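From first to last, the protein sequence lines are chains A and B.
To convert, take the position in the first sequence, counting from 1, and add 18; that gives the numbering used here.
To convert, take the position in the second sequence, counting from 1, and add 206; that gives the numbering used here.
No lab work stands behind these hints, which were simulated from the structure alone.
Please note: incorrect hints may appear among the correct ones.
[To be verified] Straight-line distance between alpha carbons at most 30 angstroms, and here's what the computed DSBU-like set of lysine-lysine pairs gives:
#: 1; chain 1: A; residue 1: Lys239; chain 2: B; residue 2: Lys214
#: 2; chain 1: A; residue 1: Lys134; chain 2: A; residue 2: Lys225
#: 3; chain 1: A; residue 1: Lys134; chain 2: B; residue 2: Lys405
#: 4; chain 1: A; residue 1: Lys134; chain 2: B; residue 2: Lys312
#: 5; chain 1: B; residue 1: Lys214; chain 2: A; residue 2: Lys134
#: 6; chain 1: B; residue 1: Lys312; chain 2: A; residue 2: Lys321
#: 7; chain 1: A; residue 1: Lys134; chain 2: A; residue 2: Lys239
#: 8; chain 1: B; residue 1: Lys476; chain 2: B; residue 2: Lys405
#: 9; chain 1: B; residue 1: Lys214; chain 2: A; residue 2: Lys225
#: 10; chain 1: B; residue 1: Lys476; chain 2: B; residue 2: Lys214
#: 11; chain 1: A; residue 1: Lys239; chain 2: A; residue 2: Lys225
A quick note: this is a predicted structure, and the numbers were derived from the prediction, not measured.
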Amino acid sequence: MTTAVVMPKPRRSWYKRNEIAVTPWLFLAPAILFFMVYVIIPIFQSFNLSLYRWDGLGAAEYIGMANYEELLADRAFETSLWNNLKWLLLYLLAIPGGLFIALLLNQTVAGIRLYKSLFFFPFVISQIVVGLVFTWFYDPTFGLLNVMLGWFGLGPLNVLGDPDLVTYGIIAAGLWPQTAYCMILYLTGLNAVDPEQIEAARLDGAKGWRMLWYVIIPQLKPATFIAFVVTIIGALRSFDLISIMTNGGPFGSSRVLSFYMFEKALSEYGFRMGYGAAIAVVLFLIMLVFIAYFLFSMYQEEKER
Amino acid sequence: MFPTPIEKTSRTWQISYQALLPLTLLMWLAPLLAVALFSVKPEVDFVSGGYWSMPSYFAGAENYGRVFFDSDMPRYLMNSVFITIPTVIGCIILSSMAGFALGIYKFRSNIWVFFMFVAGNFVPFQILMVPVRDLTLDLGLYNTKTGLVLFHIAFQTGFCTLFMRNFIRALPYPLIEAARVEGVAEWRIFWFVVIPLMKPAIAALSVLIFTFIWNDYFWAVVLTQGVESQPVTAGITSFNAQYRAAYHLMSAGSIVAALPPVLMFFLMQKHFIAGLTLGAVK
Numbered sequence: 019m020t021t022a023v024v025m026p027k028p029r030r031s032w033y034k035r036n037e038i039a040v041t042p043w044l045f046l047a048p049a050i051l052f053f054m055v056y057v058i059i060p061i062f063q064s065f066n067l068s069l070y071r072w073d074g075l076g077a078a079e080y081i082g083m084a085n086y087e088e089l090l091a092d093r094a095f096e097t098s099l100w101n102n103l104k105w106l107l108l109y110l111l112a113i114p115g116g117l118f119i120a121l122l123l124n125q126t127v128a129g130i131r132l133y134k135s136l137f138f139f140p141f142v143i144s145q146i147v148v149g150l151v152f153t154w155f156y157d158p159t160f161g162l163l164n165v166m167l168g169w170f171g172l173g174p175l176n177v178l179g180d181p182d183l184v185t186y187g188i189i190a191a192g193l194w195p196q197t198a199y200c201m202i203l204y205l206t207g208l209n210a211v212d213p214e215q216i217e218a219a220r221l222d223g224a225k226g227w228r229m230l231w232y233v234i235i236p237q238l239k240p241a242t243f244i245a246f247v248v249t250i251i252g253a254l255r256s257f258d259l260i261s262i263m264t265n266g267g268p269f270g271s272s273r274v275l276s277f278y279m280f281e282k283a284l285s286e287y288g289f290r291m292g293y294g295a296a297i298a299v300v301l302f303l304i305m306l307v308f309i310a311y312f313l314f315s316m317y318q319e320e321k322e323r
Numbered sequence: 207m208f209p210t211p212i213e214k215t216s217r218t219w220q221i222s223y224q225a226l227l228p229l230t231l232l233m234w235l236a237p238l239l240a241v242a243l244f245s246v247k248p249e250v251d252f253v254s255g256g257y258w259s260m261p262s263y264f265a266g267a268e269n270y271g272r273v274f275f276d277s278d279m280p281r282y283l284m285n286s287v288f289i290t291i292p293t294v295i296g297c298i299i300l301s302s303m304a305g306f307a308l309g310i311y312k313f314r315s316n317i318w319v320f321f322m323f324v325a326g327n328f329v330p331f332q333i334l335m336v337p338v339r340d341l342t343l344d345l346g347l348y349n350t351k352t353g354l355v356l357f358h359i360a361f362q363t364g365f366c367t368l369f370m371r372n373f374i375r376a377l378p379y380p381l382i383e384a385a386r387v388e389g390v391a392e393w394r395i396f397w398f399v400v401i402p403l404m405k406p407a408i409a410a411l412s413v414l415i416f417t418f419i420w421n422d423y424f425w426a427v428v429l430t431q432g433v434e435s436q437p438v439t440a441g442i443t444s445f446n447a448q449y450r451a452a453y454h455l456m457s458a459g460s461i462v463a464a465l466p467p468v469l470m471f472f473l474m475q476k477h478f479i480a481g482l483t484l485g486a487v488k
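One chain only, chain A, in its complex shape:
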């Protein structure tokens, strides 16, 4: 019996020897390149730009924190910030609203699938069209809202022309598609609820609100998390609706940071890129609080796996 002599394999190429280590980076390279150039690097460029005075054409002039100092005294900025807060808080109503509609539709009657898709409809159409539709809905001369108010002897109400009402009017328009989105998240979530637990809870005499609060909602946690994430992002990204419905008016009372930034940097009132960047940085920092929270939650989940 001869002992098998393991012949050393012919030397493989460098790539072959390091295939497992190198391949992921080759696969990642294009995505990372694109993402770096168009997303990651521009974030830092904006931070840098916020320290300059620049009209977008000539040479940029370094002015330190002057843009931020100006922000502190800027009433329009203050209004935008408050409106952003209103958006953040009121937009969250989409979550209970979506849950409510999902519970309403979570049945097995004839045609329910079609009902579900039709309820979801507002989310699929562009915000531009939603904005247009709601502008007409609020119209003081012929809008449906005032027709309906008229039935109760109220109105007419010029929602979009009233500085105190306008932001709420636009948020209501935004809630329409957002509620539809949350609804679909909860409908899928409800499908995954464990029927045995419901039966067990029923035997223990739980029903209605108590059942919902103690048995159903805890099981819907993943859906609630995603609903929260997309709603917060949606609230801070609100731009289209404001641009279409009021263009920031009346008297700038419906501006939010994202709109005000655009206006400062690119509107016909002169290009103030540096000042716009400073506004964007503030918006980014608000978002960063949430991003940190989202990533932290995801990190926890990853560790559990």
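Start from chain A and add chain B according to the hints.
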């Protein structure tokens, strides 16, 4: 199942539920139905102030005809198509590769690269606006569809990579190991083992990205102007400026602009919903 299945409840509640359902739906879609009604009314109805009356005659063909043959709408629609389709293809290619790398391989910075994509995806657009606009100007791509497409691909890659990576994580890993034992090259594993299994994810992302990009307005305004390259969302605003107070035409135009994603949704509903829930809610 919660709430209690309707067939197990009292007869009266069953009947009222069945009656309530269409009513709620009508109220929910009322603003849209109003636009649909406006779009088939003739101009005289609006002049005479009969906004909410039945159309005095059916003017649908006339209104939609003017949108299609008498305005820039078809060009804007084509622009949207030529912006949306390449973006979808680009995103799918980049993100399936990145998702494969992050989902299959274990290396130290894996989670950080992944978090970079996730975090970037949440960023407010405005912080990117000025630098991206400058970059596009420098590349000579301002006011071109290509400029818009390149940015959209880059930005959507964040979300798509998140989605693809989670999907690939859920695939049976022994399959890949078996292929490796057989000595299959890594790129062949990607192409012949993983890609065929990713079809549902690709379908879900395609419909979703199609809708997102079709409906984008902000970047369309920042990176393009004019009828040569603007998509339909931006086009509809100039269309509306042109036909200010011509409610019948504005309605018809809006419906035309909104229709493609709606069709997409109805045709590929299952995939669409799988995409929206990020594959996380089963």
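Each hint tested on the structure:
Between the alpha carbons of Lys239 (chain A) and Lys214 (chain B) the distance comes to roughly 27 angstroms, so the proposed pair stays at or under 30 angstroms and holds. For the hint pairing Lys134 (chain A) with Lys225 (chain A), the CA-to-CA distance comes to about 25 angstroms; that is within 30 angstroms, so the pair holds. Restraint check for Lys134 (chain A) and Lys405 (chain B): the C-alpha separation of about 25 angstroms stays at or below 30 angstroms, so the hint holds. Between Lys134 (chain A) and Lys312 (chain B) the alpha-carbon distance is near 41 angstroms, which puts this suggested pair outside the 30 angstroms criterion.
Under the criterion of a C-alpha separation no larger than 30 angstroms, the hint pairing Lys214 (chain B) with Lys134 (chain A) is consistent with the structure, at around 21 angstroms. With a CA separation close to 14 angstroms, the supplied pair Lys312 (chain B) and Lys321 (chain A) stays within the 30 angstroms bound. Using a Cα cut-off of 30 angstroms, the hinted pair Lys134 (chain A) and Lys239 (chain A) holds, with the two alpha carbons roughly 21 angstroms apart. At roughly 13 angstroms between alpha-carbon atoms, Lys476 (chain B) and Lys405 (chain B) fall within 30 angstroms of each other, so this suggested pair holds.
Distance hint between Lys214 (chain B) and Lys225 (chain A) is fulfilled; the C-alpha atoms sit about 14 angstroms from each other, no more than 30 angstroms. Distance restraint check for Lys476 (chain B) and Lys214 (chain B): the Cα-Cα separation of roughly 28 angstroms lies within the 30 angstroms cut-off, and the hinted pair is therefore satisfied. Restraint check: the Cα-Cα separation between Lys239 (chain A) and Lys225 (chain A) comes to about 20 angstroms, which is no more than 30 angstroms; the hinted pair holds.
Hint violations for this structure: number 4 only, all remaining hints satisfied.
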